[in-house]
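Dock chain B against the given chain A, drawing on the hints supplied.
Chain residues, written in single-letter form:
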Amino acid sequence: MRLMIADTGCANLASVRYAFARLGVEARISAAPEDLQQADRLVLPGVGAAAAGMAALRRNGLDELLKDWQRPLLGICLGLQLLFESSEEDGTPCLGLLPGRISALPDTAGPVPHMGWNTLHDLQDHPMLNGIAGDAHVYFVHSFAAAPDAHTLARCTYGKPFSAMIARDNILACQFHPERSGATGARILHNFLEVQP
Amino acid sequence: MLARRIIPCLDVRDGKVVKGVRFTNHEVVGDIVDLARRYARDGADELVFYDISASPQGRRVETRWVAAVARVLDIPFCVAGGIASVDDAADILAAGADKISVNSPALRNPGLIDALARRFGRQCVVVGIDSFWDGTDWRVHALTGDASTSHDTGRRTKDWITEAQARGAGEIVLNCMNEDGRRQGYDVRQLAAMRKRCAVPLIASGGAGCAGDFASVFKEAQVDGALAASVFHKGVLAIADLKQALRASGVEIRP
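Chain order of the listed sequences is A and B. For the first sequence, our numbering assigns the number 80 to the initial residue and increments by one for each residue that follows. For the second sequence, our numbering assigns the number 778 to the initial residue and increments by one for each residue that follows.
Bound-form chain A, shown alone:
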């Protein structure tokens, strides 16, 4: 299997690569569409601001590659948010692979960024959630989120419920960091390697 990680410039790429290495799969990191085109499975990681993330994707032509992507794609954190039509963060237009707009977490929720281990709930029946307990803790670091919709696989609540995991056909995404979510995160990455959309 050719597993590749899209180099989004501002992303913490190494920890995602190491997490797959702990599962015995070596991932390649590249910013070149012609490389990433070869991937059987593609990961779009991300930390940082939406505008910087989109600028990095456009600079390398990855926005065009992703718009036609048919094989399994895993967006992580900012990588999830960039899949939507737009983000409230600096009014940033995003990829538009998923309908809707990313919005700021309510400031009544508690300290923002929402940082730390929070529980998943309302898990759907989906191969990405094989072996995952209904109230598993995963590690979040974010200030923006997607409202739950028909594609939500699992929710988390911070002030109000948001999409912690998403699946639409080949497009899969986690708002949390599976690479830093202990055994639960490792199982979700394992599931991504197995999933057949």
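These are computed hints drawn from the structure, not numbers from a lab. Built from N, CA and C at the ideal position, the CB exists for glycine as well. Heads up, some of the hints might be wrong.
[What the hints assert, rightly or not] Stretches of chain A that chain B covers, calculated by requiring three or more beta carbons in the stretch to come under 8 Å of a beta carbon on chain B:
| hint | segment |
| --- | --- |
| 1 | 119–130 |
| 2 | 196–206 |
| 3 | 220–226 |
| 4 | 252–259 |
[Stated by the list, open to error] Distance condition first, Cα-Cα at most 30 Å in a straight line; then the derived BS3-like pairs of lysine-lysine:
| hint | chain 1 | residue 1 | chain 2 | residue 2 |
| --- | --- | --- | --- | --- |
| 5 | B | Lys996 | A | Lys239 |
| 6 | B | Lys1011 | B | Lys793 |
| 7 | B | Lys996 | B | Lys1011 |
| 8 | B | Lys973 | A | Lys239 |
This is chain B only, laid out in the frame that chain A set:
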């Protein structure tokens, strides 16, 4: 619900984990990667590595051990010590750290916090504050890794917490120097006072001695996480026992 975080802190000097009492007389307690792996297995929610040799000597964190830690850890970790530029931070984040923490260099050049937040997003940017009660107020000290360089910056802790957030800090680690290494409990009074000024996550540091100290600081100061070193390194308190005690006292904890 969002769990309160238990955060073992590993002070690193010359590639080894050390622990001093009141910031001096450091003794070696073990190998970085071994300890990191052990704490993750024991249930730590996050780890912080402070390279206390980096800032006073004017050199920054080596990225070799950062990458070694990133390979084995499946929980988040933060690296601190001598990060004085965006490029320094970029190297450490690229090596696999999740967050970087700035302390003395941010006091020297507060614009560093803005620059880091712009480049990496505020969720990567932790501001560590060494706070000392001088009898009249809490004051920020700098270069505390070495007794010969440690000094009062003249800033009040509450002012610096406000400024750091305005500049882009995504988390504050407040190390209460008077309590550090003494295992007599966190400075709940100071932390509760600073909590009111802190809209980003606040992490308590300095003074943990028993499970009750953690319960107090979570319940009375409403901190998001509690950092500790000697109680864990010296085997005074096992993380599993601590978590069980906290859960029994009604604190939200990751199993």
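These are the hints, each one checked on the structure:
Coverage of the segment 119–130 of chain A by chain B holds. Counting CB-CB distances below 8 Å, 3 residues qualify, and the rule asks for three or more. Counting residues of the segment 196–206 of chain A whose beta-carbon sits less than 8 Å from any beta-carbon of chain B gives 3, enough to reach three: the coverage restraint holds. Evaluation of the coverage hint for the segment 220–226 of chain A: fulfilled, as 3 residues show C-beta separations to chain B shorter than 8 Å, against a requirement of three. Check on the segment 252–259 of chain A: 3 of its residues sit with their Cβ under 8 Å from a Cβ of chain B, so the three-residue criterion for coverage holds.
Distance check on the hinted pair: B:Lys996 and A:Lys239 sit about 23 Å apart at the alpha-carbon level, within 30 Å; holds. As the CA atoms of B:Lys1011 and B:Lys793 are separated by approximately 15 Å, the hinted pair is consistent with the 30 Å bound. Annotation: proposed proximity of B:Lys996 to B:Lys1011 holds, straight-line Cα distance about 25 Å (limit 30 Å). With a C-alpha separation of about 22 Å, the suggested pairing of B:Lys973 with A:Lys239 holds against the 30 Å cut-off.
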